[in-house]
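Chemist: For reference, the chains in residue letters:
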Amino acid sequence: MKVDESYDPTPPTPDRWESLSTGNILPSIPPTPGSIIDLGPLADSPTPTTQRERDEQAETVVEGQSISPTQAALRRLGRDRRAMISMTVVLSLIVISYIGPLLYVHIGPPLTGAGPFANQTVVSTVYRNFTHQEQTLTDQPSSAQYPLGTDAVGRDILARIMAGVTVSISVAAMVVVFDIVLGMVVGMLAGYYGGWIDTFLARFTDLMFAFPQLLFAILVAATLGQAFINTLGPDGRLILVSLAFGITIWPQMARYVRGQTLQLKEQQFIEAARATGTTDLGILLRHIAPNLFSIVVTAATLDIVGIIIGEATLSLLGLGVQSPGSSLGLMISDGANQLGIQYTEVLWPTIVLAVIVLCLSFVGDGVQDAFNPRTKD
Amino acid sequence: MGSLLSNLPALVFLLALIGFCVFVGFRLGVRFLIRRLAGLVFVVLGVSFVTFILGYLAPGGVVYAQLGQHYTVARGDQLRHLYGLDLPWYEQYAHYLNQLLHLSLGTSWLNSGQTVFQILGIYLPASLELGLWGAGLAIVVGVPLGLLAAVRANTRFDTAIQALALILYALPTFVIIPFYDLAMVNLHSHGLYSLATSGWDSLDQKIAPITIFALGIFAYYLRITRSSMIEVLRQDYVRTARAKGLKERVVVWRHAFRNALIPLLTAIGPALAFAVAGVFIIEYLFNIPGIGNRGLQAITSQDYPVVQGTVILLAFAVVLMNLVTDVAYGFADPRVKTSS
Numbered sequence: 001m002k003v004d005e006s007y008d009p010t011p012p013t014p015d016r017w018e019s020l021s022t023g024n025i026l027p028s029i030p031p032t033p034g035s036i037i038d039l040g041p042l043a044d045s046p047t048p049t050t051q052r053e054r055d056e057q058a059e060t061v062v063e064g065q066s067i068s069p070t071q072a073a074l075r076r077l078g079r080d081r082r083a084m085i086s087m088t089v090v091l092s093l094i095v096i097s098y099i100g101p102l103l104y105v106h107i108g109p110p111l112t113g114a115g116p117f118a119n120q121t122v123v124s125t126v127y128r129n130f131t132h133q134e135q136t137l138t139d140q141p142s143s144a145q146y147p148l149g150t151d152a153v154g155r156d157i158l159a160r161i162m163a164g165v166t167v168s169i170s171v172a173a174m175v176v177v178f179d180i181v182l183g184m185v186v187g188m189l190a191g192y193y194g195g196w197i198d199t200f201l202a203r204f205t206d207l208m209f210a211f212p213q214l215l216f217a218i219l220v221a222a223t224l225g226q227a228f229i230n231t232l233g234p235d236g237r238l239i240l241v242s243l244a245f246g247i248t249i250w251p252q253m254a255r256y257v258r259g260q261t262l263q264l265k266e267q268q269f270i271e272a273a274r275a276t277g278t279t280d281l282g283i284l285l286r287h288i289a290p291n292l293f294s295i296v297v298t299a300a301t302l303d304i305v306g307i308i309i310g311e312a313t314l315s316l317l318g319l320g321v322q323s324p325g326s327s328l329g330l331m332i333s334d335g336a337n338q339l340g341i342q343y344t345e346v347l348w349p350t351i352v353l354a355v356i357v358l359c360l361s362f363v364g365d366g367v368q369d370a371f372n373p374r375t376k377d
Numbered sequence: 001m002g003s004l005l006s007n008l009p010a011l012v013f014l015l016a017l018i019g020f021c022v023f024v025g026f027r028l029g030v031r032f033l034i035r036r037l038a039g040l041v042f043v044v045l046g047v048s049f050v051t052f053i054l055g056y057l058a059p060g061g062v063v064y065a066q067l068g069q070h071y072t073v074a075r076g077d078q079l080r081h082l083y084g085l086d087l088p089w090y091e092q093y094a095h096y097l098n099q100l101l102h103l104s105l106g107t108s109w110l111n112s113g114q115t116v117f118q119i120l121g122i123y124l125p126a127s128l129e130l131g132l133w134g135a136g137l138a139i140v141v142g143v144p145l146g147l148l149a150a151v152r153a154n155t156r157f158d159t160a161i162q163a164l165a166l167i168l169y170a171l172p173t174f175v176i177i178p179f180y181d182l183a184m185v186n187l188h189s190h191g192l193y194s195l196a197t198s199g200w201d202s203l204d205q206k207i208a209p210i211t212i213f214a215l216g217i218f219a220y221y222l223r224i225t226r227s228s229m230i231e232v233l234r235q236d237y238v239r240t241a242r243a244k245g246l247k248e249r250v251v252v253w254r255h256a257f258r259n260a261l262i263p264l265l266t267a268i269g270p271a272l273a274f275a276v277a278g279v280f281i282i283e284y285l286f287n288i289p290g291i292g293n294r295g296l297q298a299i300t301s302q303d304y305p306v307v308q309g310t311v312i313l314l315a316f317a318v319v320l321m322n323l324v325t326d327v328a329y330g331f332a333d334p335r336v337k338t339s340s
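Chains as they are written, first to last, in my numbering: chain A, 1 to 377; chain B, 1 to 340.
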């Protein structure tokens, strides 16, 4: 900041009509080095006027150091208590479901009265396997051996719930990876180059929007299900379900990416990169892709919820995972038949599914608010 | 042609459709209309092709399913020839397109003697009733609550309503339905009044499916109305109206309300997608004789003409709703003439 040495401390004598001003009575204060505030490197950018803008600007400086928008968004997410609690709940459920069975099958008391004639004794590693059927102990309420009871063919409900959650998470993970990869690749190419890729994406998206996602998944699962199992083994159905959801879910992600790419393409830093000789591929990978992070993460989180619901729906309708495999939707469908006999068979999987879906929705909401603060009220 | 024209409601609907197209052509230009119709044709073609390919790739169990114990190689071949399953796939598809051009969706393989149009005609009314009543209920309850929540933004009422909407929006219907069934079974076993849990004849059988169907859509509309209304209340012209000294009620109802409803039109599309998915689950779990249930039966019994007919019908409905939404949006907001 420079002070103009030629500054005249006394203003010219005011006109009679302006004698209401202080005029010559009080000398105006000249700018001294102490009264000049250095606004720092942000002085040239537009001054934030609303509280929201001030908050956003303040977030980009932490302990004197500037942080990237992604890090600012992550901190914002960290302050969202509901999202953080939900994330903790979901992560603990996932960990329990993947690691729990390893411990769970070993800590149970021996089961007397087992076997086809109810006269054998089995250890917990046998009867707590989620596919093991104990024909004489069907529809049991909770006990020491079976903390959540047994279902209509004598399988341990808690073990099946844990296996079902792993199925849901596996399908969701597979589909989301497919969704992000395909959506980003096609979206970036369509937004950056335009042309036939863009037209193809637009037409394909129209088609996929008209084709209800669930219906497509049902069709694929029903028609190709058996063939996949024959070639890929019992996990074939899982892979098929993932594929079906993946095909219908990536066009929306590609559209988001395309829109964002179109915006980014016009920025000056892309022009600068091109001027310094960066290849198109380099621009796409190093400049455009990192800036897509926020929109991709938001869309992917919301997609995960839809996929988990979709997989449960398919299994509920009998077209997804089938016995002896386990899925939350399948358990709900089976349990609903036993409503009058043992209502807990449908209660537990329903509660677990509701908790997972709700918590993931809260996390998705939090992610959306954190990464796109302007959509918040 | 005969199968379509003999069905009076379908005829009325077709005439209304043609009238709508003519109207759109006059108001928004012939080019817009032609572009949209071309899109519709493209989508129907694409959807029918995808369904056809899936049916073609599936192992052909329908012949075994129909003949059952009476299956012999000769009879199996005869049936296959009757259904045209021994032709190469492009011939089969060409044959199907030819059928479509004659406005016929073919004959069911499992209920031979009934055309697909007839079958759809039998099962469509229940689904329409469920869908329209459910959507109506959702809008009638959701939009006013959303407006109220926006007018009292950030109060305890607003937070409570928002929490409720989020929970209902996130929970899938087949999580709510077991709880409902549990409650009804419990009430019934204690001798108290309870609603039915399946069927579609009497009013108390219809209340529950319609209400549960409306729950998800209601939450969606509540959120959209609320955020749209809050956005409108922030505008300068609302501030001006308040500054002019108008009563708060007049400001809200005469000025803000109308503008807040415009984005709701664009929300019809996603709501419809949700509705189509929900229809399957609700009809399946409540045993309602609607298109969703019948379509599922057709899929599992590999009755492909019915499957294709159902899918085409649904896709057609979705594209049509998108067109209606675009046109309505063009009316509500004159700045938007046509959208692609």
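These are calculated hints, taken from the structure and not from any lab test. We put the CB at the ideal spot given by N, CA and C, even for glycine. Treat the hints loosely; a few may be bogus.
Here are the in silico distance ranges between beta carbons for each label pair [claimed, not checked]: (1) B:Thr-300 <-> A:Ser-170: 42 to 50 Å; (2) A:Gln-263 <-> B:Asp-236: 22 to 30 Å; (3) A:Asn-230 <-> B:Val-73: 39 to 47 Å; (4) B:Gly-199 <-> A:Ala-144: 36 to 44 Å; (5) A:Arg-274 <-> B:Tyr-90: 43 to 51 Å; (6) A:Leu-103 <-> B:Ala-163: 32 to 40 Å; (7) B:Cys-21 <-> A:Val-181: 49 to 57 Å; (8) B:Leu-187 <-> A:Val-181: 45 to 53 Å.
Interface residues of chain A toward chain B, partial, derived using beta-carbon atoms under 7 Å [stated by the list, open to error]: (9) Leu-219; (10) Pro-234; (11) Val-355; (12) Leu-358.
Covered stretches of chain B (in silico footprint by chain A; criterion: 3 or more residues with CB under 8 Å from a CB of chain A, positions within the stretch not fixed) [to be verified]: (13) 34-45; (14) 272-284.
Chemist: Tell me, which hint numbers fail for this structure?
Modeler: 1, 3, 7, 10, 11
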